[in-house]
Amino acid sequence: MSKTINIDGQNIPFSEGQTIIEAATAAGVYIPHLCHKPGYTPHGSCKLCTVNVNGRNCSACTFPAAEGQTVINNSEELRHDRMRITQMLFVEGNHLCPSCEKSGNCQLQGVAYHLNMLDNHFPHFYPLREVDASHPDILIDHNRCIFCTLCVRASREKDGKSVFDISGRGIHKHLIINSPSGKLKDTNIDVNDCAAHVCPTGAILIKRTGYQVPIGQRIYDHHQISEVALNEEGGAGSLPAAALPPSLEVAGQGSLPAAALTPSLEGAGHGK
Amino acid sequence: MKNFIQTVLAEADYQPVRLLQILRAVQSYYQYIPPEAIDYLAEGLKIPRSHIIAVAEFYSFFHLTPQGRYEILISDSITDRILGKDSLMDYLSTVLKVPVGQVRSDGLVSLNNTSCTGICDQGPAGLVNGYPLTRLDRPKADEIATLIDQEKPLAEWPAYLFAVADNIRKAGLLLEQPIANGAGLSAGFARGIQATLGEIDRSGLRGRGGAGFKTAMKWKFCAEEKSDKHYVVCNADEGEPGTFKDRVLLNSYADQVFEGMTLCGAIIGAEQGFLYLRGEYLYLKDKLQAILQLRRDTGLLGKNILNQGLNFDIEICLGAGAYICGEESALIESLEGKPGIPRNRPPYPVTQGYLNKPTVVNNVETFLAATAIVVNGGEWFAKVGTDKSAGSKILSISGDCALPGIYEYPFGTPISLILHDCGAEDVLGVQVGGPSGTFISNQELDRKLAFEDLATGGSFIVFNKSRSITGIVQNFMHFFAHESCGFCTPCRVGTSLLSNQLDKIVDGHGSAGDVVELEALCQLVKNHSHCGLGQTAANPILTTLQRYPDAYESRLKDISYEPGFDLDGALDVARRMAHRDDAAAHLTQVED
Numbered sequence: 002m003s004k005t006i007n008i009d010g011q012n013i014p015f016s017e018g019q020t021i022i023e024a025a026t027a028a029g030v031y032i033p034h035l036c037h038k039p040g041y042t043p044h045g046s047c048k049l050c051t052v053n054v055n056g057r058n059c060s061a062c063t064f065p066a067a068e069g070q071t072v073i074n075n076s077e078e079l080r081h082d083r084m085r086i087t088q089m090l091f092v093e094g095n096h097l098c099p100s101c102e103k104s105g106n107c108q109l110q111g112v113a114y115h116l117n118m119l120d121n122h123f124p125h126f127y128p129l130r131e132v133d134a135s136h137p138d139i140l141i142d143h144n145r146c147i148f149c150t151l152c153v154r155a156s157r158e159k160d161g162k163s164v165f166d167i168s169g170r171g172i173h174k175h176l177i178i179n180s181p182s183g184k185l186k187d188t189n190i191d192v193n194d195c196a197a198h199v200c201p202t203g204a205i206l207i208k209r210t211g212y213q214v215p216i217g218q219r220i221y222d223h224h225q226i227s228e229v230a231l232n233e234e235g236g237a238g239s240l241p242a243a244a245l246p247p248s249l250e251v252a253g254q255g256s257l258p259a260a261a262l263t264p265s266l267e268g269a270g271h272g273k
Numbered sequence: 088m089k090n091f092i093q094t095v096l097a098e099a100d101y102q103p104v105r106l107l108q109i110l111r112a113v114q115s116y117y118q119y120i121p122p123e124a125i126d127y128l129a130e131g132l133k134i135p136r137s138h139i140i141a142v143a144e145f146y147s148f149f150h151l152t153p154q155g156r157y158e159i160l161i162s163d164s165i166t167d168r169i170l171g172k173d174s175l176m177d178y179l180s181t182v183l184k185v186p187v188g189q190v191r192s193d194g195l196v197s198l199n200n201t202s203c204t205g206i207c208d209q210g211p212a213g214l215v216n217g218y219p220l221t222r223l224d225r226p227k228a229d230e231i232a233t234l235i236d237q238e239k240p241l242a243e244w245p246a247y248l249f250a251v252a253d254n255i256r257k258a259g260l261l262l263e264q265p266i267a268n269g270a271g272l273s274a275g276f277a278r279g280i281q282a283t284l285g286e287i288d289r290s291g292l293r294g295r296g297g298a299g300f301k302t303a304m305k306w307k308f309c310a311e312e313k314s315d316k317h318y319v320v321c322n323a324d325e326g327e328p329g330t331f332k333d334r335v336l337l338n339s340y341a342d343q344v345f346e347g348m349t350l351c352g353a354i355i356g357a358e359q360g361f362l363y364l365r366g367e368y369l370y371l372k373d374k375l376q377a378i379l380q381l382r383r384d385t386g387l388l389g390k391n392i393l394n395q396g397l398n399f400d401i402e403i404c405l406g407a408g409a410y411i412c413g414e415e416s417a418l419i420e421s422l423e424g425k426p427g428i429p430r431n432r433p434p435y436p437v438t439q440g441y442l443n444k445p446t447v448v449n450n451v452e453t454f455l456a457a458t459a460i461v462v463n464g465g466e467w468f469a470k471v472g473t474d475k476s477a478g479s480k481i482l483s484i485s486g487d488c489a490l491p492g493i494y495e496y497p498f499g500t501p502i503s504l505i506l507h508d509c510g511a512e513d514v515l516g517v518q519v520g521g522p523s524g525t526f527i528s529n530q531e532l533d534r535k536l537a538f539e540d541l542a543t544g545g546s547f548i549v550f551n552k553s554r555s556i557t558g559i560v561q562n563f564m565h566f567f568a569h570e571s572c573g574f575c576t577p578c579r580v581g582t583s584l585l586s587n588q589l590d591k592i593v594d595g596h597g598s599a600g601d602v603v604e605l606e607a608l609c610q611l612v613k614n615h616s617h618c619g620l621g622q623t624a625a626n627p628i629l630t631t632l633q634r635y636p637d638a639y640e641s642r643l644k645d646i647s648y649e650p651g652f653d654l655d656g657a658l659d660v661a662r663r664m665a666h667r668d669d670a671a672a673h674l675t676q677v678e679d
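Chains as they are written, first to last, in our numbering: chain S, 2 to 273; chain A, 88 to 679.
Chain A on its own, in the form it takes in the complex (with noise of 0.2 Å):
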């Protein structure tokens, strides 16, 4: 084992910041991070050995106890739910002889649930080894049985059960036009780098991820920062429910989206940058790998960059499955090789942000836009979409609709339109933004997509009225609680209270005051929280108890309270203890 940490150690530089990919690299050798493996790695880090537990325990896709050598997570995104994943997974479950979130007793397979992998339009999908399955059903789930039992490498499965489609369906401003490599750069040298970033101010484009900070603004205030060293972040963690464009761009734009960096480099002085990738989507780093390699060749990357001076180089870095790192500060943290919790803010990234140096922080599909702006002009942006919210958006869509997959408006564009585009009947509501985001009832569809209105990151789930209110907010309050860095008391305690007493409402425990007090306690995490992971979690049952009450009422019991445990239950180990299961030794849940 020495020698093979020794490796691994290596090829990390043996840089303690590269905490990350060094475990990434141990678990999926060993299946899990073994102790011995945390004490060579302490020392040739020399970093403390809790230091190591403590980022391994952080994020899903690290273990400290031995996974399958076939390592299966099902994503257990709603979207996936709407495509049969709940009796896929019993099927699995069957198929391979294992219990769900257990290692088979041979150690070859475990199976377990992971938060929303990206892959919306064609689920049921899941990972095994980090790899992505996609369109998952039972013909599909025998042959994976059988070629494990066989113990076949990863590599002689079939291509096809691997197959991730781009399923481009609406291509817009961004997506119709792609830029040739280097024109965003020539356009930008040509240009003058101060008169660049004026354009892209023009273009009046802000932030692509949800928040809709002013791009040119962020990359000014980024730039008057004095200091030896800046750095450029490309946040390609999309880890909200329903989003997966940055997967699409990634595979299909990743020149645009790396040169729209690169000219972010130019602008405020930076001569590294890092793609943050999420690890559901390891299966793009070999190809984005290439494309890094390629520019460098062709003189778009590395030194001297076209002849000009510019020196620029990007390294590709994976999460390993924590939605938090989403947000910009969170991902800083992890890029550090520490545990994904959001800093206290100020300071913000553009004064003080990887390695406290001023660091810009923008969605992939920002940098995409922003190079388009280099090379057509700001107005040629501006013109597009509102006053408010210029240019277009590259939408997520999937749920119930004909046709899932990736589609670009301009900003403005009602809900309705874009239902009918994607084929979706018989609308109950839609999801847009995400768990994180709202949802609109099929009363508000002339409801318009604009950071003004209907802000979003990317995703966009239609649901159809066959679909329960209260399931669907189930599942995103139990990845809340799921996704919770647990930093902050209202959020860590609170997004799990909020999961329970949902789950007593629904499943039929809850009387009239348990939704009185559920819309308390949304509120306390909504106003209390340190990020917005808690200050938005609540929104699942805020939108949804605004206009479905009766999902809620209808649920609960004629009666005035029930323990929100269970009395009997909880009497179990005393009646064994003391041999007795007669009447007297139990009690009912709420006095007659």
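Same shape as in the complex, but just chain S (with noise of 0.2 Å):
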């Protein structure tokens, strides 16, 4: 490991194969994200992970690290613009969290709240989306979905199923279900499955489980999304409640109360 990238002023060794962001986790920096997952093949679209590669921007989740690369992530500049690549994640849907069940364990939150995103600023586009409410135990609220494909993906790569994919063009880009009705309940998506335990908003809800933890005591109510993404994400795999380093406790209120934790932080296996 004696290649080395330069990511604000600080060498970060990575190795052949590896993406910016890969090399970047491993060594406890944190790049916003929302459709990069490790372990799933990038995709590269949300664009929050941009960061400036020798003079151009690049997504770190696509873009192989190499040798001489000297990498800015940290600017406010990009700060700034990543703000407001979310806020357009923002109008383009109807996110509406206070009444959202996912609230406080809500990644496109989290980052909001981490790039200190304090309103939407773009005019809201206000989509008429449906509610796919057939499936016994999974619910999709289509007004929530941010086409980071992390469903689609979960499906084929770690399933071994096709449940979903994303449809249409531009603005009208949509979710769409692989079943002929077009409803959930007639798809072999079972509640274990990896792609309805992968939304990183409130797209894809299991339903029944829901306000088990309140809301204020929920990961990103206490913990920066870079913290938790770092240690879910940062080569170990995922550590249990009591694994989480002491940065992770917030002053006044004693330490992450395990309840808090939702199954992505939780365990790796949904269940399977």
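Worth flagging that the hints you see were computed from the coordinates, not collected in a lab.
Where hints are given, some of them may not hold.
Listed below are the simulated DSSO-like cross-link pairs for lysine-lysine, each with C-alpha atoms no more than 27 Å apart in a straight line [unchecked claim]:
#1 K133/A <-> K159/S
#2 K133/A <-> K162/S
#3 K425/A <-> K159/S
#4 K186/S <-> K133/A
#5 K239/A <-> K374/A
Since the model is a prediction, treat every value here as computed from it, not as a measurement.
Put the two chains together into one complex; each comes in its own frame, and the hints tell you how they fit.
If you want it as structure tokens, here you go:
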């Protein structure tokens, strides 16, 4: 591991074939992201992980690390642009955090907190999107889909199924379900599938598990997504709550209650 | 239906990569992709039905609901608008008795807009069941309405409705001396394949699609990739509004293009080539197939070409209405039967292209030039043009000029000379390189056609002083929002936000901060988008804002802020529900 790239002045080792985000995460450097998830084929669509590599903007989740790269990740300009891109995601769909079950555990919300996003900035599109509550165990709220394709990839790559697809073009992009009726109940998805648990927002929810952890006691209510992501994705895999570093303890709140951890932070298997 | 689908599937050899061809056949037969057809196709191709729907919903020419048996699409390019498209569309809607965007209740006819059809020099243009209608006017609209009411098959419609002229106004280096069939291949074999690549290198030829990558270098990189298969792809998806030179090259110089592809195949070690023809050029397909067959019959294509042991063949693949497929990696995705979404790069197509094999993708004009270079030598080409831009450029000129059509100029030619030749008067400005290129004002007409000054894939649209800058820009921005593939956030959301923000200003609802906001949004979309579409989509605004700030400022209201939506209109539903329409149930848009 003698090869290095330089991120914001810090030399970071990488091995051949690693992307910039993989090298950064392994070295404890957080790069904001939503469509990227370790172990999944990189997608490069949300553009939150945009970094400047030798003067050029690249997606850190798809761009290979290479000797001689000088990478800017932590600049005010990038924070601002990433915040704007996040705001785009918010106005494109119907993201009403206070009434969303995912609030506090939502990565979209977590990234928005991290980037200090205080408003939506852009005019809302208020698209008409439907809820698919047909499945006995899984709810799809299309209002909250950000087209990261993690569920598409999870179903194909992890579950060996093909339950989801992204269809349409431009602002009319939408998630579709692979069944003759177009409804989730007519697919072979199972509540224990990775695809049912991978959604970074509240677009795919498990029924009858809502609000078990009160809002206010959830992950991003107390922790920066940067800490959570590095802890979850930083090489060693996910850690039990007890192993969370002291830095994850919030002043005045005591240590994080184990119950606040959602399955996505808690265990890799999702009951498989 | 099952029998029909089975036939279509058999013709496509049950290959999922041929999904576009298959869906074109289904669409053409049923006027849409019926749900049962999707089931049969999913079963026959062994792919998820959602994949078929994703493809059908990506391309403009596929529909999941029935269109008219006569499907009429009118080109909504700015050049068609200059030629009177808007009033013609209203007239067509009246005589065909169908609102724009709808199917007539008897199912006989549907009418809608489509992106530039590449007939900009003889518009207003359109398509009926995929075939081009040119120089449309009211008498022709009446005639078409009668033919449709009589339910006359297209084959019985008068040919002049479909006449597409080449309009070659000025031939230069390439168009003046067409290469005899086989001359390029003979010269290539005589010189030796390696020396032939050297000759293309000496010529300084750069890609003619607009980006300008050195052709010899691309071919060399691809040739050096170790692989069991290599591919050659000719990009004939010229979708940039105002571009139609490839239409003419394929109509009148197709052999020379195919010969360039064959030479490329010999150099990179490919046995298979594809011509990706934009869906709008369906009418050229039969003619091109016949040319390919003749080339096979005369030993210029297929097995053992000119008895030199070279095997190379070319398949024609049609697009289905998606500008983004002009981007080379999106084109490859489309060739593979998928939505045309640009890939992450690296890897580049020269290392992992079609089916992840090394692939050269070049523009029609690049292959045409390569053949001429192989015959006439690199020096013949290099001595024309400028240091950085060797040779000539073939332009498609349209808009406000007396003689729209095809013009070929050496690189380095000043814009003023081109405007003089095409009979442009009272010029306001010129859109060089199409909406994704640069809008230059009449103060910059001494600028030159060259990669180092004004690069263009061939689009050259002239505007006179009667045109509204913001009207032009609105047309372009709506185009980009419509054509964005939607893969990445900045382009998917950003092009629609840009389009709406521009409309807000142009429609007179903007205030001081709105132009600043517009420009900031332009930079965001430009700097963060995934591919060339998003990276250039803001150019119409940025290039005109720089030159004509007054065109924007003069539209602004003298107030500090106005909401981006109709405040009172938003209350409409509530009023109806409450059965109220009194003054207290209304809001003014801006506080008094």
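Taking the hints in turn, this is what the structure says about them:
A threshold of 27 Å between alpha carbons decides the hint, and for K133/A with K159/S the separation of about 20 Å falls inside it, so the pair holds. For the hint pairing K133/A with K162/S, the CA-to-CA distance comes to about 13 Å; that is within 27 Å, so the pair holds. Of the supplied pair hints, the one linking K425/A and K159/S holds, its CA atoms being roughly 22 Å apart against a limit of 27 Å. Proposed proximity of K186/S and K133/A is supported: the alpha carbons are some 22 Å apart, at most 27 Å.
For a cut-off of 27 Å, the pair hint linking K239/A to K374/A stands: about 24 Å separates their Cα positions.
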